[in-house]
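The C-terminal residue of the sequence shown carries number 144 in full-length UniProt numbering, and the numbering is unbroken.
The set of hints was computed from the structure by calculation and includes no laboratory data.
Each residue gets a CB set at the ideal place from its N, CA and C atoms; glycine is no exception.
Not one of these hints is a red herring.
FRET-style restraints, in silico, Cβ to Cβ:
no. : residue 1 : residue 2 : range
1   : 69        : 110       : 30 to 40 Å
2   : 87        : 64        : 34 to 44 Å
3   : 67        : 91        : 37 to 47 Å
4   : 87        : 65        : 38 to 48 Å
5   : 67        : 6         : 41 to 51 Å
6   : 109       : 78        : 14 to 24 Å
7   : 109       : 65        : 36 to 46 Å
8   : 96        : 59        : 20 to 30 Å
9   : 113       : 92        : 16 to 26 Å
10  : 66        : 6         : 37 to 47 Å
11  : 64        : 10        : 35 to 45 Å
12  : 70        : 6         : 37 to 47 Å
13  : 6         : 69        : 36 to 46 Å
14  : 111       : 6         : 16 to 26 Å
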Amino acid sequence: MTRRVHRVHEVMTGNPVTVEQLTTLAEAARVMRDAGIGDVLVVDRGRLRGILTDRDIVVRALAEDRDPAETTVRAICSTDPLTVKPDDRVDHAVDLMRRHALRRLPVQADDGELVGIVTLGDLEVERDPGSPLSAIAAAEAMPR
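Input sequences plus hints: build the corresponding full structure.
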């Protein structure tokens, strides 16, 4: 039996949530809360500039006494994120995440359009649907 090669577009979460880089942390946190997610992609006129996580808000902003109503996401987000393409092999995404200790990778089409995000949870659901991490990832994806 031949093992099927899986592509990123088969496991990614489509329609990634984005915020402009001049969005305040408070607004970005509300976007995350309302979408039930822990990260947003940071863009400047539609072009990817970074990733902001809920942990970034706590560790890089609140712990340093930055005002979330005044601080922009550009000031604390991770910049120049690594990306993958929708047709890249899942093994390539796993390798990048492992080598760079990443939990998520934006997915960009050849024209630069953001089409998704692939997370550790997405990959675990694909690799081992019965694993505890897979069950947690599936539960987090359900509406609250």
